[in-house]
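Peer 1: So the protein lines, in turn, are chains A and B.
Here the first sequence is numbered in numbering that gives the first Met the number 0, starting from 0 and rising by one per residue.
Here the second sequence is numbered in numbering that gives the first Met the number 0, starting from 0 and rising by one per residue.
Read the hints as simulated data drawn from the structure, not as lab findings.
Note that the structure is predicted; figures quoted are calculated from it, not measured.
A portion of the hints provided could be inaccurate.
Stated by the list, open to error - No more than 25 Å apart at the CA atoms, straight line, and that leaves these computed lysine-lysine pairs for DSS-like:
#1 A:K415 - B:K346
#2 A:K210 - A:K187
#3 B:K415 - A:K346
#4 B:K244 - B:K346
#5 B:K338 - B:K244
#6 B:K415 - B:K72
Unchecked claim - Which bits of chain B does chain A cover? Going by a derived footprint, with three or more residues having C-beta under 8 Å, they are:
#7 219 to 228
#8 289 to 297
#9 306 to 317
#10 408 to 414
As the list claims (entries may be wrong) - Computed beta-carbon distance windows for the label pairs:
#11 B:R289 - A:E335: 30 to 36 Å
#12 A:A285 - B:E286: 51 to 57 Å
#13 A:D177 - B:M333: 22 to 28 Å
#14 B:P175 - A:R194: 45 to 51 Å
#15 A:H181 - B:R323: 52 to 58 Å
#16 B:R289 - A:P359: 58 to 64 Å
#17 A:R419 - B:M333: 50 to 56 Å
#18 A:R419 - B:R264: 17 to 23 Å
#19 A:G59 - B:G173: 34 to 40 Å
#20 A:E335 - B:R323: 53 to 59 Å
#21 A:V407 - B:R323: 28 to 34 Å
#22 B:A342 - A:E230: 53 to 59 Å
#23 B:E286 - A:R419: 53 to 59 Å
#24 B:P351 - A:E335: 52 to 58 Å
C-beta atoms are modelled at their ideal positions from N, C-alpha and C, and glycine is treated no differently.
Protein chains: 2
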Amino acid sequence: MNRRGFNRAVLGSLSAAMVPAPLLHAARAPEHAADPQINGPRLMEQLLQRMAGFGKNPEGGVSRVAYSDADLKGREYVSGLMREAQLEISVDAAGNIMGRRAGSDPGLPALAFGSHIDSVPKGGNYDGPVGSLGAIEVARTLAERRIVTRHPLLVTIFANEEGGLFGSRAITTGLPPDELDHPSSSGKTIREGIRFIGGDPDRLDAARLRKGSVAAYVELHIEQGGTLEREKLDIGVVEGIVGIKQWEVVFEGFANHAGTTPMDRRQDALMSAAKYVQMVNRVVRAEPGRQVGTVGKIQAFPGAPNVIPGQVEATLELRDLDDRKVDRLAEAVMAEARKIADADGTKVTFRPLHANIAAPTDARVRAPITEAARALNFSTKVMPSGAGHDAQAMAQIAPVGMIFIPSVGGISHSPKEFSRPEDILNGANVLLGTILRLDRAMA
Amino acid sequence: MNRRGFNRAVLGSLSAAMVPAPLLHAARAPEHAADPQINGPRLMEQLLQRMAGFGKNPEGGVSRVAYSDADLKGREYVSGLMREAQLEISVDAAGNIMGRRAGSDPGLPALAFGSHIDSVPKGGNYDGPVGSLGAIEVARTLAERRIVTRHPLLVTIFANEEGGLFGSRAITTGLPPDELDHPSSSGKTIREGIRFIGGDPDRLDAARLRKGSVAAYVELHIEQGGTLEREKLDIGVVEGIVGIKQWEVVFEGFANHAGTTPMDRRQDALMSAAKYVQMVNRVVRAEPGRQVGTVGKIQAFPGAPNVIPGQVEATLELRDLDDRKVDRLAEAVMAEARKIADADGTKVTFRPLHANIAAPTDARVRAPITEAARALNFSTKVMPSGAGHDAQAMAQIAPVGMIFIPSVGGISHSPKEFSRPEDILNGANVLLGTILRLDRAMA
């Protein structure tokens with residue numbers, strides 16, 4: 000059934016904007032009532048004419064890395080948009096831009112939604128800004144329609160997502176103090192960067208959100224994979240954000256003269272590493288599921304055409320919604336790698352680099368996302384997020400959900416990243432419908 | 000039969016030094032006569048106390064790269080030794096140090112022997128100096144014993160061997176003019192380097208040796224492989240110097256997000272490269288022979304743990320005594336690599352980097368080497384040289400031969416490079432015996 004068409008026919012010209020806000024609120028819109036709609040052209044103009052200009056690269060896309068001048072300009076721009084959306088703005092100690100709007104019930108915790116505007120170096124125009132500008136437009140649409148929600152609303156533009164969820168982790172799990180001294184892509188340390196965008200790295204604890212202070216967090220984001228586009232689906236309802244573990248992997252053999260060392264007398268670290276690369280692929284694919292395993296980095300040393308590699312540095316990355324599966328696969332890969340090294344007379348070591356635990360989304364947030372999408376007659380798919388997101392940190396203090404829209408070709412972290420305007424608008428409208436439904440459903 | 004023991008018994012105290020040189024020469028020493036002997040302690044003192052000091056590294060070995068200050072000091076030192084050996088010294092346009100000694104027959108071409116004293120960065124004390132100082136000691140021993148050969152003698156200390164046989168190629172095949180502008184390990188261009196050591200890069204043609212101007216060239220060198228030591232043999236009689244071909248190999252796939260791109264939707268350039276590394280090993284070992292194939296260099300791009308490699312740069316190097324085998328193996332490797340890329344949806348390209356044609360040694364030089372070794376009761380093995388040597392260039396204008404001595408553990412181009420003093424002395428004595436036998440045998 001084309002529910003959107005039905006609603007339009009029944010409600011005709013009854014627009015939410017024409018009804019005084021308190022009345023709309025008091026009446027509790029029935030399930031079949033049409034949600035207000037996002038201003039699509041305005042959202043696209045903000046995204047592609049304005050936001051894309053901050054850190055624009057000659058070859059397309061942007062380099063708007065966190066704590067850079069381009070980041071600062073982008074933040075000023077979204078702050079202006081948030082003011083137009085009648086949000087009360089503050090920058091917390093971690094540099095997150097927070098936009099608040101009061102609800103009608105002062106006892107309720109806030110409904111939070113947002114994303115980030117920083118990019119990877121040579122990134123695209125969609126990863127982050129779609130969810131950030133979409134969230135601001137949701138607030139602006141509600142303000143324009145004078146719809147007052149029961150819950151306070153909190154639009155969150157998180158700082159330095161791409162560097163490792165720094166803004167969202169700072170206010171949820173907290174940051175280990177040593178991370179403040181790590182370098183960021185801007186060249187500044189995290190500490191210097193936080194100060195640069197108006198935060199206070201010495202008072203991060205003051206910005207922590209306690210459990211229960213947020214009723215729910217919803218994030219709109221591009222899929223960054225090709226599933227929705229390939230299956231011709233409109234909306235992804237994220238069932239969880241994968242856990243990620245990374246290791247540095249070093250194979251050691253013996254560097255020697257490539258001309259004078261017979262083939263059967265070599266301890267070639269690259270021979271072991273080559274078998275390892277294929278083994279990782281085989282082990283990860285051996286069981287059903289959507290887990291992924293990647294060797295993204297490899298380099299042989301000393302690295303001359305005429306020297307047998309004595310050392311090879313590589314990596315291992317494993318991702319799955321189930322942390323136990325990640326650990327099980329890691330054990331299998333390490334055991335197989337040791338077998339390869341033993342057989343070759345080489346040595347292998349694994350050094351942990353980075354770990355993110357998996358974050359399931361909450362059924363209480365997934366349900367209104369699905370309902371909002373169906374109310375607009377969109378096809379949906381429940382799917383994992385293979386990438387990390389601020390929602391992962393927010394899951395530590397609140398029920399979370401994520402709305403995905405298609406990425407053409409699944410390309411991301413690239414100037415070629417692209418989502419169609421109609422999909423962006425669809426996503427923003429689903430976010431709007433989700434917030435209204437959460438406002439009705441959540442305590 | 001212990002021929003050395005026999006000679007000693009028969010000849011007793013009859014030392015060559017006690018016989019006037021012209022008499023020795025005129026008498027033509029019979030086959031069983033003892034050759035004069037090299038002064039072992041003096042040779043070792045020159046090699047390890049003096050030569051090893053020029054470019055000495057704190058961690059052992061030397062960095063005496065061609066055209067460096069350390070190279071210059073080493074050249075001054077060997078020039079002094081050559082003068083003590085009563086050689087008439089000149090530096091040719093390519094910077095080679097040439098030490099001449101007149102023979103008794105003015106119509107005969109020179110017997111040439113020598114090596115080089117430059118090293119690779121962080122090299123050892125034996126690759127080059129053993130043959131260079133050994134050759135000078137041969138000349139000095141003959142001078143001390145007042146033995147005058149029929150042929151003129153030419154001791155050759157070739158310039159910049161490690162950079163690519165620059166000195167020896169300049170006076171044989173000639174250098175392509177563009178190579179003069181290439182950088183050398185010293186930081187200087189080849190042109191600047193030649194000038195730095197007293198050559199004249201504008202007059203290289205004047206230094207060319209024509210075919211027939213050299214009766215034979217003999218080079219003493221460490222094996223740089225582990226065969227002689229492993230098989231407990233004294234002397235290697237080199238049957239030829241391998242041909243070498245190198246390529247840069249690039250695999251292209253598609254870089255994408257490692258979290259959001261399912262395993263069956265990847266164009267992972269590293270998966271293809273890993274199969275390639277193993278395939279090279281398999282193809283090269285599939286047929287009998289002493290050919291070697293090496294992938295010494297590999298690097299994935301962009302090279303982050305969380306990005307599927309879009310490009311992998313690697314190399315291919317093939318070596319064999321038979322250039323046709325090198326070409327046949329190259330064709331097989333390229334065909335297999337294309338099959339791998341086709342199956343994986345990636346692309347592979349091969350770009351030639353460097354080629355050295357194989358240089359067989361001459362039976363007329365191998366025979367006296369073998370005889371000289373057997374006269375000293377040394378075990379011998381006919382073997383290829385897997386490494387390149389100045390003899391390779393000299394083979395273009397004269398019959399050549401090479402004498403190998405054992406390298407402990409086969410380690411070379413490393414501070415750990417080591418040959419035992421007794422093996423070094425053995426090699427120098429075989430060189431001396433070879434020159435005397437060539438002098439009798441060659442026209």
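Peer 1: In this structure, is the beta-carbon distance linking R289 of chain B and E335 of chain A contained in 30 to 36 Å?
Peer 2: holds, 33 Å
Peer 1: Given the proposed pairing of K415 of chain B with K346 of chain A, does the C-alpha separation stay at or below 25 Å?
Peer 2: Distance ~21 Å between K415 of chain B and K346 of chain A Cα, so the pair holds.
Peer 1: Check the following: the C-beta atoms of A285 of chain A and E286 of chain B are separated by a distance inside 51 to 57 Å.
Peer 2: Given range 51 to 57 Å: violated, Cβ gap about 34 Å.
Peer 1: Would you say the C-beta atoms of A342 of chain B and E230 of chain A sit inside 53 to 59 Å of each other?
Peer 2: violated, 26 Å
Peer 1: Would the pair K415 of chain A and K346 of chain B pass a check requiring their Cα atoms to be no farther apart than 25 Å?
Peer 2: Holds, at roughly 20 Å.
Peer 1: Is 52 to 58 Å a correct range for the gap between the Cβ atoms of P351 of chain B and E335 of chain A?
Peer 2: Between P351 of chain B and E335 of chain A, where Cβ atoms are some 37 Å apart, the hint is violated.
Peer 1: Using the C-beta atoms of D177 of chain A and M333 of chain B, is the stated range 22 to 28 Å upheld?
Peer 2: Given a distance of about 50 Å, which is not inside 22 to 28 Å, the answer is violated.
Peer 1: Between the beta carbons of E286 of chain B and R419 of chain A, is the distance compatible with 53 to 59 Å?
Peer 2: 56 Å Cβ-Cβ, so the 53 to 59 Å window holds.
Peer 1: Would you check the hint for K338 of chain B and K244 of chain B, treating anything up to 25 Å between C-alpha atoms as holding?
Peer 2: The given pair, whose Cα atoms are some 22 Å apart, holds under the 25 Å limit.
Peer 1: Taking the beta carbons of P175 of chain B and R194 of chain A, is their distance inside 45 to 51 Å?
Peer 2: violated, 58 Å
Peer 1: Do the beta carbons of V407 of chain A and R323 of chain B sit within 28 to 34 Å of each other?
Peer 2: The hint (28 to 34 Å, Cβ to Cβ) is violated, given that V407 of chain A and R323 of chain B are roughly 51 Å apart.
Peer 1: Within the stretch 289 to 297 of chain B, is the number of residues with a Cβ closer than 8 Å to a Cβ of chain A three or more?
Peer 2: n = 8 at 8 Å, threshold three: holds.
The structure fails hints 2, 12, 13, 14, 17, 19, 20, 21, 22 and 24 (numbered hints given earlier, in ascending order).
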